[in-house]
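> Here is what each chain is made of, one letter per residue.
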Amino acid sequence: MSFSAPPPASGEPYVLSASLDNARHLSSLLRAVHFQDHATCFATASGLRVTVEDAKCIQANAFIQAEIFQEFAVQEESVMFRINLSVLLDCLTIFGTSSLPGTSTALRMCYRGYGYPLMLFLEEGGVVTVCKINTQEPEDLLDFDFCSTKVVNKIILQSEGLREAFAELDMTSEVLQITMSPDKPYFRLSTFGNAGSAHLDYPRDSDLMEAFHCNQTQTNRYKISLLKPSTKALALSCKVSIRTDAQGFLSLQYMIRNEDGQICFVEYYCCPDENITEAEL
Amino acid sequence: MFFQHYCWTAVSDPCHKEKELSLPCKLIVKAVLPVFRCANVLGRNVEKCSISTSPSDHHITFQLLCKHGVVKTYNLTFQECDPLQAVFAKHMCPNILKVHSRLLADVMIHFPTSQEEITLSVTPVKVCFKSYTEEDTDFSRTMVTEIHLSPEEFDYFQVGVDSEVTFCLKELRGLLAFSEATGVPVSIHFDRCGKPIAFSIEDVLLEASLILATLCEAQKEADSQERCCPQQWGSSETHPDKPSGDEPNSTDISKHPQRDGNAPTNPVAKQEVKSIPRVTGRDVTGRAGTATAEAAGEATEAPYQKFHSLFFGAVSYKEKDATGHTFQSLATASDTEEDLGPLQSSPVL
Numbered sequence: 037m038s039f040s041a042p043p044p045a046s047g048e049p050y051v052l053s054a055s056l057d058n059a060r061h062l063s064s065l066l067r068a069v070h071f072q073d074h075a076t077c078f079a080t081a082s083g084l085r086v087t088v089e090d091a092k093c094i095q096a097n098a099f100i101q102a103e104i105f106q107e108f109a110v111q112e113e114s115v116m117f118r119i120n121l122s123v124l125l126d127c128l129t130i131f132g133t134s135s136l137p138g139t140s141t142a143l144r145m146c147y148r149g150y151g152y153p154l155m156l157f158l159e160e161g162g163v164v165t166v167c168k169i170n171t172q173e174p175e176d177l178l179d180f181d182f183c184s185t186k187v188v189n190k191i192i193l194q195s196e197g198l199r200e201a202f203a204e205l206d207m208t209s210e211v212l213q214i215t216m217s218p219d220k221p222y223f224r225l226s227t228f229g230n231a232g233s234a235h236l237d238y239p240r241d242s243d244l245m246e247a248f249h250c251n252q253t254q255t256n257r258y259k260i261s262l263l264k265p266s267t268k269a270l271a272l273s274c275k276v277s278i279r280t281d282a283q284g285f286l287s288l289q290y291m292i293r294n295e296d297g298q299i300c301f302v303e304y305y306c307c308p309d310e311n312i313t314e315a316e317l
Numbered sequence: 011m012f013f014q015h016y017c018w019t020a021v022s023d024p025c026h027k028e029k030e031l032s033l034p035c036k037l038i039v040k041a042v043l044p045v046f047r048c049a050n051v052l053g054r055n056v057e058k059c060s061i062s063t064s065p066s067d068h069h070i071t072f073q074l075l076c077k078h079g080v081v082k083t084y085n086l087t088f089q090e091c092d093p094l095q096a097v098f099a100k101h102m103c104p105n106i107l108k109v110h111s112r113l114l115a116d117v118m119i120h121f122p123t124s125q126e127e128i129t130l131s132v133t134p135v136k137v138c139f140k141s142y143t144e145e146d147t148d149f150s151r152t153m154v155t156e157i158h159l160s161p162e163e164f165d166y167f168q169v170g171v172d173s174e175v176t177f178c179l180k181e182l183r184g185l186l187a188f189s190e191a192t193g194v195p196v197s198i199h200f201d202r203c204g205k206p207i208a209f210s211i212e213d214v215l216l217e218a219s220l221i222l223a224t225l226c227e228a229q230k231e232a233d234s235q236e237r238c239c240p241q242q243w244g245s246s247e248t249h250p251d252k253p254s255g256d257e258p259n260s261t262d263i264s265k266h267p268q269r270d271g272n273a274p275t276n277p278v279a280k281q282e283v284k285s286i287p288r289v290t291g292r293d294v295t296g297r298a299g300t301a302t303a304e305a306a307g308e309a310t311e312a313p314y315q316k317f318h319s320l321f322f323g324a325v326s327y328k329e330k331d332a333t334g335h336t337f338q339s340l341a342t343a344s345d346t347e348e349d350l351g352p353l354q355s356s357p358v359l
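From first to last, the protein sequence lines are chains A and B. Convert by adding 36 to the 1-based position in the first sequence; the result is the number in the working numbering. Convert by adding 10 to the 1-based position in the second sequence; the result is the number in the working numbering.
Heads up, a few of these hints could be off.
Said to hold, decoys possible - Derived list of chain A stretches under chain B, where covered just means 3 residues or more per stretch with a C-beta under 8 Å from a C-beta of chain B:
| id | region |
| --- | --- |
| 1 | 97-103 |
| 2 | 235-244 |
Stated by the list, open to error - Straight-line C-alpha distance at most 27 Å; calculated DSSO-like pairs for lysine-lysine:
| id | chain 1 | residue 1 | chain 2 | residue 2 |
| --- | --- | --- | --- | --- |
| 3 | B | 180 | B | 36 |
| 4 | A | 268 | B | 77 |
| 5 | B | 77 | A | 190 |
| 6 | A | 264 | B | 77 |
| 7 | A | 275 | B | 108 |
No wet-lab data here; the hints were simulated from the structure. Backbone N, C-alpha and C fix where the C-beta goes; we use that ideal spot for every residue, glycine too.
Starting from the given sequences, assemble the full structure and let the hints guide the process.
Structure representation (structure tokens):
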């Protein structure tokens with residue numbers, strides 16, 4: 037159920053207005069990238085992109101394309117603002133996070149432009165909540181310059197095979213080492229923790245492996261604390277693509293199917309860890 | 011029989027002749043647990059588990075071959091150690107109960123999880139589990155639980171001497187969970203208070219024992235013969251009887267001042283209780299069953315009215331292999347203390 041927002045006093049249209057029958061379609065994706073308090077929202081006619089970064093090393097993007105919304109209108113070429121993601125999520129889930137069958141929270145989102153707050157109208161069961169969240173100057177975002185031509189190794193895995201592994205990563209290890217190779221061990225995740233090392237090997241002919249394109253043996257290490265939040269995205273997704281480029285930059289792309297069967301994407305980019313010491317067994 | 015394939019290559023080390031046939035080592039439990047997390051998931055996903063070790067680089071490797079061709083390899087470091095041997099002869103215990111773990115678990119459920127110690131009291135006609143409370147507990151604020159069982163509930167019931175033993179409940183819960191998982195009944199061997207109590211499970215494939223110290227409380231009566239006598243624990247394997255206690259470890263009771271009167275020594279008791287869980291891995295040997303004779307023989311101190319305990323870690327071992335390495339345990343109530351050394355073999359537990 038959608039409802040129209042009151043017309044703005046000045047007569048200017050909202051630069052961004054969107055309606056969504058089920059706010060969970062948005063909140064669950066945002067949660068998958070929620071590892072920092074602040075996020076940058078970038079809206080174009082094709083949809084909404086929410087970006088979260090940390091330590092200048094890791095960036096996560098959640099894409100919610102315009103087709104997911106019942107109504108999605110962007111008046112300018114693009115709209116960009118920075119917002120407190122924790123507050124935004126709290127508002128989107130203001131009626132609670134548990135989903136009873138048949139009930140959903142309807143959302144209308146309006147943004148008047150630079151300097152104005154983001155307005156949320158949420159309704160469930162006849163109860164309406166209005167939220168106004170202040171927006172901030174958008175900050176420069178990292179550009180990992182990751183395009184398909186620069187990809188050295190790429191695999192696509194079914195998420196169910198990785199979920200348990202990521203959830204159980206030895207967090208006493210500082211790094212997660214990823215090895216991708218046309219030869220054994222093909223695809224290996226390794227940690228080096230207090231008690232010893234752990235390796236998880238996925239063979240190229242595993243039925244979890246949907247695509248395997250590895251041209252070169254690469255071993256890269258990433259700070260495990262930075263990658264751990266990607267577990268949330270992994271939990272929601274059905275497939276994940278793992279790519280590395282010549283410099284060892286990592287791209288993880290998660291394909292997420294929402295309750296209505298629509299497809300959305302979340303991606304994580306991560307820089308390799310510079311402090312590389314010899315890998316111990 | 012438990013393993014599909016079991017291969018042991020003895021690495022003989024000229025310096026440690028007696029260790030030729032075994033590789034005693036210890037791993038951090040926290041490191042091993044994640045390997046076998048989620049037993050139910052393991053059953054579905056893991057096809058095979060292979061455990062191998064190369065003593066030279068102090069690693070044990072657990073390799074799990076899972077569904078979809080996934081291989082998980084864990085290389086855990088271990089430390090060599092001198093394993094603690096429990097000095098306890100189960101067959102010498104006058105009281106033996108055998109019961110399915112389900113019954114015990116059902117009993118323990120009634121005690122709050124914060125309950126540290128419970129008391130098991132037996133007579134030939136009755137068994138009672140009750141929560142243990144310190145003398146100075148404010149009873150108006152405490153919940154005390156008592157559960158009475160009749161001998162018929164036990165698969166095997168033998169009570170040679172009426173006794174009331176108090177031991178740590180928390181440690182027992184782990185063994186009970188294990189026993190339920192394996193479906194093997196639990197045997198309880200014990201004696202009077204002050205002597206250890208053993209909970210064990212035995213099966214064709216495995217054996218596990220949990221030996222706990224029990225509280226020895228001063229009786230209120232003046233009759234000192236009824237009191238449990240202190241046991242002198244040595245502080246190292248090579249000095250089995252050093253009552254004067256040079257080592258300032260927490261189980262050394264000879265340092266405590268002698269008390270008289272009938273008042274139970276609660277501050278000491280409390281202190282000792284807290285220290286039980288930390289007394290593991292120490293090289294302590296002692297002699298069970300020698301207490302009475304010993305204390306009577308020693309002229310140095312009068313009977314103590316205090317609490318003392320020694321906590322042994324769980325002792326579990328595989329079945330004897332063909333070479334039949336002996337499980338060292340000092341058992342009998344012998345008065346030839348000097349003979350007892352760590353290498354003496356005696357009836358296996």
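> Indicate, hint by hint, whether the structure satisfies it.
Verification of the supplied hints:
no. : hint            : verdict
1   : 97-103          : violated (count 0)
2   : 235-244         : holds (count 9)
3   : 180(B) / 36(B)  : 22 Å, holds
4   : 268(A) / 77(B)  : 23 Å, holds
5   : 77(B) / 190(A)  : 22 Å, holds
6   : 264(A) / 77(B)  : 24 Å, holds
7   : 275(A) / 108(B) : 53 Å, violated
In this structure, the hints that do not hold are numbers 1, 7, in rising order.
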